[in-house]
Amino acid sequence: GESVGLHLPTLSVQEGDNSIINCAYSNSASDYFIWYKQESGKGPQFIIDIRSNMDKRQGQRVTVLLNKTVKHLSLQIAATQPGDSAVYFCAEKETSYDKVIFGPGTSLSVIP
Amino acid sequence: NAGVMQNPRHLVRRRGQEARLRCSPMKGHSHVYWYRQLPEEGLKFMVYLQKENIIDESGMPKERFSAEFPKEGPSILRIQQVVRGDSAAYFCASSPPPRGYEQYFGPGTRLTVT
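The listed protein sequences correspond, in order, to chains A and B.
Going letter by letter, the first sequence gives residues 1 to 112 in my numbering.
Going letter by letter, the second sequence gives residues 1 to 114 in my numbering.
What the hints contain is simulated information worked out from the structure, not anything from laboratory work.
Errors might be hidden in some of the hints.
If you anchor each label on the Cβ, the simulated ranges turn out as follows [as the list claims (entries may be wrong)]:
hint, chain 1, residue 1, chain 2, residue 2, range
1, B, 62, A, 22, 50 to 56 angstroms
2, A, 18, B, 62, 41 to 47 angstroms
3, B, 5, A, 81, 24 to 30 angstroms
4, A, 78, B, 62, 43 to 49 angstroms
Computed from a predicted structure; not experimentally measured.
Think of the CB as a built atom: it goes at the ideal place given N, C-alpha and C, for glycine as much as any other residue.
Make the full structure from the sequences, and use the hints.
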């Protein structure tokens, strides 16, 4: 069945280093992917998205890479800051369906 | 522009009682989604509604759970005869028309069943 999963459940990085969070998906029909950040006690916050006709998209300090060949998605955070500490979820969606399928999440801890 | 609002933020119910969770979408948004999150887990889709219509309820448990989004007022997620397994955080998201690609989440309601 459909699934979106993460390779690493936890990640610790030094402040200032770059972070890479990985995600695998199995539904080849998914054509829209999103990364969310969830801080403790709060709702998920949209970070960046990418459509399947792209393989890279950049935002402010964040970059999402999509490799459709191996069904892999990654989120890169440049110069990681303490405020980046949170749980990060990848999510997928098919254009023809309305629901978003979330992966289990990766907890990012930034060491000052 | 106020974000998605949910209330209450915390709700405690005894087994067998009813829980009502409210969600007010962002201004101009006509699509509402409900998700459930168990501790240490991701969000699970429950239901997608537009005004006065349930579009996709494939994630809703068959019994005890219902949702509505009336013409006026907030969307309501209703859980009848709650059980301990219903304890979770329930998040609402909204998106603008025509189709909900980018969803904006509320702060969630944390339901505890004692």
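Results of checking the hints against the structure:
{"no.": "1", "hint": "B/62 with A/22: 50 to 56 angstroms", "in the structure": "35 angstroms, violated"}
{"no.": "2", "hint": "A/18 with B/62: 41 to 47 angstroms", "in the structure": "46 angstroms, holds"}
{"no.": "3", "hint": "B/5 with A/81: 24 to 30 angstroms", "in the structure": "28 angstroms, holds"}
{"no.": "4", "hint": "A/78 with B/62: 43 to 49 angstroms", "in the structure": "46 angstroms, holds"}
Of the hints listed earlier, the one the structure fails to meet is number 1.
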